[in-house]
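Q: Residues per chain, in single letters:
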Amino acid sequence: DGGITQSPKYLFRKEGQNVTLSCEQNLNHDAMYWYRQDPGQGLRLIYYSQIVNDFQKGDIAEGYSVSREKKESFPLTVTSAQKNPTAFYLCASNPQGLSNYGYTFGSGTRLTVV
Amino acid sequence: QKEVEQDPGPLSVPEGAIVSLNCTYSNSAFQYFMWYRQYSRKGPELLMYTYSSGNKEDGRFTAQVDKSSKYISLFIRDSQPSDSATYLCAASWYGGSQGNLIFGKGTKLSVKP
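Chains A and B are the protein sequences, given in the same order. According to my numbering, the first sequence is numbered sequentially starting from 1. According to my numbering, the second sequence is numbered sequentially starting from 1001.
Hints are computed from structural coordinates only; laboratory data are not their basis. This list has only true hints and no planted wrong ones.
The calculated PhoX-like cross-link candidates involving lysine-lysine, where the alpha carbons are at most 25 Å apart (straight line), are:
1) Lys1070/B to Lys1056/B
2) Lys1105/B to Lys1070/B
3) Lys1105/B to Lys57/A
4) Lys1042/B to Lys9/A
5) Lys71/A to Lys1042/B
6) Lys1108/B to Lys1056/B
7) Lys1108/B to Lys9/A
8) Lys9/A to Lys1105/B
9) Lys83/A to Lys1105/B
Pulled from the structure, derived: some chain A residues nowhere near chain B, Cβ distances all over 10 Å:
10) Leu11
11) Gly16
12) Gln17
13) Thr20
14) Ser22
15) Asn26
16) Asn53
17) Ala61
18) Gly63
19) Ser67
20) Arg68
21) Ser73
22) Thr77
23) Ser80
24) Thr86
Just so you have them, the derived chain A footprint on chain B, three or more residues with Cβ under 8 Å:
25) 1042-1050
26) 1087-1094
These numbers were taken from a predicted model, which means no experiment stands behind them. C-beta atoms are modelled at their ideal positions from N, C-alpha and C, and glycine is treated no differently.
Given the sequences, and given the hints that come with them, work out the whole structure.
A: Structure, rendered in structure tokens:
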């Protein structure tokens, strides 16, 4: 079945540590997105990519980095510069980067700072 | 431009009730409207998709868009405990500049047996 796989499901980060969240899709979608979800704040866009080797900052990109070396993969690195990283992270994809098609989401990664 | 407003709830109803979930938006260029359902600790899944004004029905679910008042609604008939989830509305204009959907913050629904 086609879909988006996020791993790991739960991730724990120590202070000052970088961690990478994995997002893989087999939908042959061009565009991929990373969102952060906090209680009461809805979905906030971190980064998005419309094509391989190109990506743009979203509304809250500070403290995060991404790469898009393959169409299927869009990993997110949460760096030590992100002061409040505890949140639920969602990866999404879209067929042609046209939002009127809607998004397919992964099942999320829960990141906790310990 | 980036305005889709949604009452966060929580909303609690008894099993079998009719549920009405609502959003308002400010950008008159929006033409595509969606409802996503998100179960706890899961990713959102597309539930209903509507283009422009009018109603769309799928089983117990009806999505309604009134572009004149910039109002989006989702009705759930004969609600079930399995409908307990957070419901997010979303809107887009054609093409969607930079490919971004605009989401509401979500309404948490609880259906009690």
